[in-house]
Amino acid sequence: MSAITQFGNRLYTGETSVNFIGRRVIWYLMSAALIVIAVAITTLRGGFAFGIEFRGGSEFQISNPASTDTAIAEQTITSEVGEAAAPKISIVGGDSVRVQTEQLTAEETDALRVSLADAYSVPVDQVTSSFIGASWGADITTQALRALIIFLVLVSIVMALYFRTWKMSVAAMVAVVHDLTITAAIYGAFGLEVTPAAVIGLLTILGYSLYDTVVVFDKIRENTSIAYDESKRTFAESVNLAVNQTLVRSINTSVVAALPVASILFIGSMLLGAGTLRDIALSLFVGILCGAYSTMFIAAPLYAQLREGESESAKQGRKDRTEIVRNASGAVR
Amino acid sequence: MIGSGVVFDNAGWTPKLALDLEGGTQIILNPQIAAGTTVSEEELAQAVGIIRQRVDATGVSEAEVTTQGGTNIVISIPGTPDQATLDRIRSSAKLEFRPVLVTDVSDVVSQVASNVAAALAEDPKADISGLGTPETPVSWAEPAGEPVNFSDLNWVTPEIYFAYLTTPCDVLDGAGANTADPTKPLTVCADDQSYKYILGPVEVDGAMVADASANYIPGANGVQTNEWGVYLTFNAAGTSAFADVTSRLTTLQGVQNQFAIVLDGKVISAPRTLAAIPDGKPVISGSFTELSSKALADQLKFGALPIGFEVQSSDTVTPTLGVAQLESGLIAGAIGLLLVVIYAIFQYRALAIVTISSLGVAAALTYVVITYLSQANGYRLSLAGVAGLIVAIGITADSFIVYFERVRDELREGRSVIAAVETGWKRASRTIIVSGIVNLLAAVVLFALAVGNVRGFAFTLGVTTVVDLLIVILFTHPLLQLLARTRFFTSGHAWSGLDGSALGAVYRGRGEFRVDKSVSAGKRSRVSKESQKRQSIAERKAAENGGDQ
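If you read the protein sequences in the order shown, they are chains V and P. So that you can map any letter, position 195 of the first sequence is 195 in the working numbering, and since no number is skipped, the others follow by simple counting. So that you can map any letter, position 179 of the second sequence is 512 in the working numbering, and since no number is skipped, the others follow by simple counting.
Do not take every clue at face value.
[Claimed, not checked] Taking CB as the label site, the calculated pair distances span: (1) V:L29 x P:Q379: 39 to 45 Å; (2) V:I150 x P:V616: 50 to 56 Å; (3) P:Q526 x V:T181: 46 to 52 Å; (4) V:A111 x P:E643: 16 to 22 Å; (5) P:P457 x V:F190: 41 to 47 Å; (6) P:A609 x V:I150: 40 to 46 Å; (7) V:P123 x P:Q526: 35 to 41 Å; (8) P:A697 x V:V124: 35 to 41 Å.
It should be emphasised that the hints constitute simulated quantities derived from the structure, not laboratory data. We put the beta carbon where it would ideally sit given N, CA and C, even for glycine.
All chains, please: the whole structure from these sequences, using the hints.
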């Protein structure tokens with residue numbers, strides 16, 4: 001049996017226990033420090049590196065040309081539209097040439113596409129062209145942000161109703177904002193290009209992060225409403241035990257969720273170079289790790305802290321009802 | 334049922350692919366509207382209908398015209414359309430008829446403006462009144478009263494006139510003449526910038542055109558000229574409005590007799606009104622060629638767009654790149670799936686069979702649902718959608734992990750495998766359902782509110798969440814129930830993944846624990862203290878009575 005299973009046994013009984021709740025100040029400070037450092041680096045770098053979808057411009061990609069010499073593209077662009085186009089030429093995925101220029105007119109774009117195909121001696125249908133107005137990326141982001149806010153409000157209500165306490169909603173929201181901030185900050189700190197695909201990835205993180213938090217909170221709800229009476233645990237200890245009992249699940253889930261994403265990230269970067277797949281996978285990969293961390297180290301301690309002021313019995317408000325449910329379901333006892 | 338739909342609809346067994354996977358051109362149009370105003374749904378639906386007719390008229394098959402996010406129009410065309418097709422689709426053909434209030438040759442206007450500026454720079458108190466011409470005075474008096482009709486010069490204020498005098502045509506063209514308020518006067522240039530105009534409010538617009546065709550314009554003596562024009566036929570409302578305005582204009586003198594035809598924010602011609610036109614069938618002339626007059630006639634016939642649009646993004650993806658992206662996506666998915674399977678075997682031994690078969694059934698069901706929706710509702714799988722599907726592998730597998738871990742928790746409490754599966758399921762199903770609802774909520778909100786790729790992603794996320802919930806309830810749980818009855822699992826075989834002894838508690842019957850000898854004494858005391866805490870009253874009594882058996 002694997003070491004993780006035995007680790008799980010010890011966590012379940014409380015034999016081994018990570019003090020998630022008691023050391024919360026350390027976790028909070030760690031996250032705060034990480035965010036401060038990342039934000040500082042981002043600011044020093046001069047803000048986010050926005051992709052062409054946010055800046056506006058034209059992009060061409062030549063697939064499988066005989067030679068990936070970037071000088072060919074440079075000459076073609078200079079002779080076709082002049083120096084003003086300020087081309088950015090890069091080789092992506094090892095066998096394609098990508099050219100980004102300032103925004104060209106529709107006519108210029110089409111003409112340049114043909115000349116690039118000529119210059120690299122490939123058929124025209126192997127050259128993709130995109131023309132992106134500067135408002136496109138901003139537009140998609142505005143819509144996405146609006147969706148995000150509405151979603152967060154709705155999910156807070158759903159969680160508050162399901163868990164019968166708004167404090168779990170608050171703790172979960174803080175964790176989500178934490179994940180989004182760290183992922184965005186990592187994009188800024190490493191100067192990674194912010195594209196609409198990265199924004200999509202960011203949106204999925206919040207779904208994933210909340211999902212992860214709900215699973216752990218459900219165990220907390222179970223523990224704090226059942227076990228308290230029989231054990232002599234304090235509320236905070238019950239919460240800590242719940243997080244520990246779901247720790248193996250959290251590790252397994254994160255690994256299982258991260259594996260396919262890592263595989264997209266790998267394939268996306270190796271075979272395709274920059275693109276939708278890589279951008280989504282990158283923000284997801286960072287977000288999944290953040291999501292798992294924030295559930296255990298931010299959401300759960302924060303929840304325990306939010307309820308600190310209440311009397312122990314108030315925290316166990318629905319104990320009797322839940323106990324009946326448990327007895328009815330206990331087949332063996 | 335879904336499967337039969339696929340079969341009997343005589344549809345293919347593969348989902349339709351979006352342009353980024355199949356290759357083609359996607360154009361996104363963004364409405365040009367004045368700040369603070371919004372596009373109504375009817376306007377957008379009308380515009381989509383008109384653009385669809387235009388695309389069809391060019392002979393392009395299988396083009397799709399859809400709206401996006403309540404404001405944008407997305408046109409997807411397979412392959413690479415030619416320039417003429419693109420131009421025809423892109424141009425908004427927003428046609429307006431406005432009466433001319435003030436006009437002159439652009440060069441004269443700018444000459445007057447620069448003379449005045451030069452004189453004032455030399456001496457701010459200089460007398461500039463003599464610098465103007467009869468058509469272009471140096472300033473305009475305050476309106477004497479409210480304008481009584483659209484040709485009334487009282488529409489022109491000193492500010493409007495000053496802007497007319499000093500603003501170059503390039504600036505005017507860029508200032509959004511196409512989005513101008515139809516109820517206000519408009520300062521605008523001719524399409525070749527030769528003339529400048531101040532025009533009155535819109536008298537008749539393109540929406541009132543019932544039919545349009547292109548032909549040569551007859552000359553003054555009835556002989557056909559080689560100048561092309563567009564022959565319009567107005568509908569009833571247009572006819573009466575046009576009759577009213579032309580009869581008014583014929584009575585006016587000078588430039589006010591002219592009637593400007595404004596296309597996409599530029600004056601294409603401003604003919605003099607020689608007679609009232611009561612039949613609603615004017616001819617518009619301008620610097621048309623055969624091609625451009627026919628294109629405009631087509632656009633007007635299928636309808637001028639109710640709002641102006643600009644191209645926000647235009648994407649051409651080659652089939653080569655599309656195939657490469659799809660292949661990479663599928664390879665990434667296969668590798669991801671394989672890694673998940675390996676990890677599941679490592680963690681859950683024989684239980685991994687449940688994970689793998691459930692993932693397999695979920696994958697098959699998702700494929701069928703997506704194929705069905707693509708055939709029935711025109712859903713197209715995009716690269717973002719593929720990414721959503723790959724990510725879903727992890728989220729789906731998590732349901733099984735939550736379930737298995739709960740079952741193991743119950744085994745640790747000393748339950749039999751069969752009982753542990755039942756109790757574990759009762760706990761786990763709550764968690765799985767509520768977390769599924771959170772995911773579904775995310776998918777629905779994103780799908781309803783977001784635009785572009787985000788929607789494709791949200792869609793697959795939603796489909797896979799529903800499939801996940803169905804599979805875990807209707808397949809995974811019953812499967813585990815069945816397996817739990819087999820000897821292999823009931824006996825807690827070391828490879829079953831539900832091995833009680835490895836889980837720290839050995840079940841001996843009637844909820845009693847036997848202390849595992851391999852566990853150290855220290856550990857045992859801590860564990861038993863722990864299990865005492867968690868014992869029910871009945872268990873405690875049993876333990877007290879039974880003692881050490």
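Hints and how they fare:
1. V:L29 x P:Q379: 39 to 45 Å: For V:L29 and P:Q379 the Cβ distance comes to about 58 Å; the hint is violated.
2. V:I150 x P:V616: 50 to 56 Å: holds (53 Å)
3. P:Q526 x V:T181: 46 to 52 Å: holds (51 Å)
4. V:A111 x P:E643: 16 to 22 Å: holds (20 Å)
5. P:P457 x V:F190: 41 to 47 Å: violated (58 Å)
6. P:A609 x V:I150: 40 to 46 Å: Given range 40 to 46 Å: violated, Cβ gap about 56 Å.
7. V:P123 x P:Q526: 35 to 41 Å: Given a distance of about 40 Å, which is inside 35 to 41 Å, the answer is holds.
8. P:A697 x V:V124: 35 to 41 Å: Distance hint for P:A697, V:V124 holds at roughly 40 Å.
Going down the numbered hints, you'll see the structure goes against 1, 5, 6, while the others check out.
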